[in-house]
Amino acid sequence: MPSPETRVGQPLISLRDVHLSFGSNRVLKGIDLDVQRGQAVSIIGPSGSGKSTILRCITGLLPTERGSIRVGDTDVHALKSEAQRIELRKRVGFVFQQYNLFPHLSVLENLVIAPRKVLGETATNAEKHARELLAKVRMEHKADAYPGQLSGGQQQRVAIARALAMRPELILFDEVTSALDPETVGEVLTVIRELTEEGMTCVLVTHEMRFAEDISDVVYFTENGLIVEHGSPEHIFQRPTNERTQTFLRHALGDAGRRPVASGDPFLLSNISRYSLSV
Amino acid sequence: MAIDSPVSLPLGWPRRHPGKLVLLAAVLLWLVFGAPKSPVFAALREWSPALAAGFGQNILISLLAIAIGSVLGLLVGALAVSPLWITRLPAKIWVQVFRNAPWLVLIYFTTYVFPFELHIGKSWISFPDWVKVTLGLALPASANVAEIFRGAIGSIPSTQWEAARSLAFTRAQIFRSIILPQCFKRMLPPWMNLYAVITMGTALASLVGVHDLIDTAQIASNTVNRTGFTVLIYFSVLALFFAYCYPISRFTQFLERRYAFS
Ligand SMILES: Nc1ncnc2c1ncn2[C@@H]1O[C@H](COP(=O)(O)OP(=O)(O)O)[C@@H](O)[C@H]1O
Ligand SMILES: [Mg+2]
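Those protein sequences? They're chains F and P, same order as listed. Counting from 1, one number per residue, gives the positions in the first sequence under full-length UniProt numbering. Counting from 1, one number per residue, gives the positions in the second sequence under full-length UniProt numbering.
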């Protein structure tokens, strides 16, 4: 049962003390995380810290050992059968780092297959919706192409449209730009930005720090299976209080990636203190 | 000569293989203009309808064996990838036994262990030897098809399963709509390769008295009883098998190259 105070704000997603191990490898060691409906929440942290595992737990692809996960009214940790987890996954979209489009199907078929087979939509409706979504991600001209004929950025935009075709309540993005050429990262981020602006609930695992700072309502920093620090993007990126967060951001942002603060003064004290603290 | 005007030929093949074409043309020219005077070739021409009929028997056996073997192999392969060990075990045993037994032993087995006739109701159904040989070849074919099938399924990256699961597909739906269609494409080259090998394996049929190409060649050789003819007729046998299997193997290589990029 979720504790009373989580019901108050009615978060759409709520994780409490989630634990998970792969054999003797303890990957999640007590994760607490809340996502309100309509929010964009980013999870940042070093690789291997359990970010993908968190997303997989939320959509029931991995079973948790301890703790609770609630998505809407569904207690994910208590789901017993695959049929129940399938009901959950109809409501939760997932976009992967490697796109994972179905290579034997055309772009349009990739979008149509799940609504047809899983939701039982008619061919006409599913195709109409699919073409709308392709226009939304600016891929309508490639409806009949096969995934192998597309660039990484194009494939990823199709993968986002494929997730949207199920009309999900929320979408989980797992490092969706990490495998892309630098020049195609922007087109994918633009699509995600538009989704968040339309009020789609999004959870993003990302290494694009500037993007996360721009679009997120809340940012979580994970390390070693724990949430080290969370708060507004301003808090995490400009005034992180935890030393580990500071060290990570110093490496992740570098000097070039560092975002100038609002005042435009590069010598602002808060900016400098971040470096002095982590030396 | 044909190679002087390669432009008129629609395919690229003749241009890339002029040597083979010249050789083929030379052999044909010699057969047409030089050979008829020789009594050895006259005998070959006399025997050629029988040889063709014999080779027809080989091809019939090979086609039936791959057909039966494929259906059986897909069933066994489906059992082999099931999540239940109780169905996996017999499939595994089937594959190991029939993949590792010499084909000739399996042919002897089906020929001499299977009943010659089957009693159904009041009627007797008799199995000619060539059917038994077909079954003997279908057994190792099925084991190999099962292995090819299992390998193809294993070669589909697990991320395809995960993507389909995240879209709320059931296991059965993933299998039908996502995994199987990708498998058949990957199975085609090794499956055709297997067919070529089985066709060569039909040469064993003569050992249990089936009137196939080898058996006909043997009879012809004994009847004509001339060394030159014996050499020639076995060359013809070789050429027939080669002419049948080589295009298959080339086409397989072509498919493998094409799929390597997709
Ligand atoms: N399927 C799995 N089996 C075993 N170990 C896994 C599996 N998936 C992830 N891990 C391990 O869990 C840890 C966290 O992985 P992951 O959640 O992918 O981290 P991140 O996404 O933050 O890079 C890593 O040490 C990884 O090796
Ligand atoms: Mg990851």
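Derived from the structure by calculation, the hints contain no laboratory data. Some hints could be false.
As a list, the in silico DSSO-like pairs of lysine-lysine whose alpha-carbon atoms are at most 27 angstroms apart [unchecked claim]:
#1 F:80 with F:117
#2 F:117 with P:185
#3 F:80 with F:142
#4 P:92 with F:142
#5 F:90 with F:136
#6 P:92 with P:185
Evaluation of the provided hints:
Pair hint residue 80 (chain F) plus residue 117 (chain F) holds up; C-alpha atoms about 23 angstroms apart against a cutoff of 27 angstroms. In summary, the hint linking residue 117 (chain F) to residue 185 (chain P) is supported, as the alpha carbons are separated by about 22 angstroms, within the 27 angstroms threshold. Proximity of residue 80 (chain F) to residue 142 (chain F) is assessed by CA-CA distance (about 40 angstroms); at most 27 angstroms being required, the pair is judged violated. Distance check on the hinted pair: residue 92 (chain P) and residue 142 (chain F) sit about 44 angstroms apart at the alpha-carbon level, beyond 27 angstroms; violated.
Of the supplied pair hints, the one linking residue 90 (chain F) and residue 136 (chain F) holds, its CA atoms being roughly 21 angstroms apart against a limit of 27 angstroms. Between the alpha carbons of residue 92 (chain P) and residue 185 (chain P) the distance comes to roughly 24 angstroms, so the proposed pair stays at or under 27 angstroms and holds.
Hints 3, 4 from the list above are not met by this structure, while the remaining hints are.
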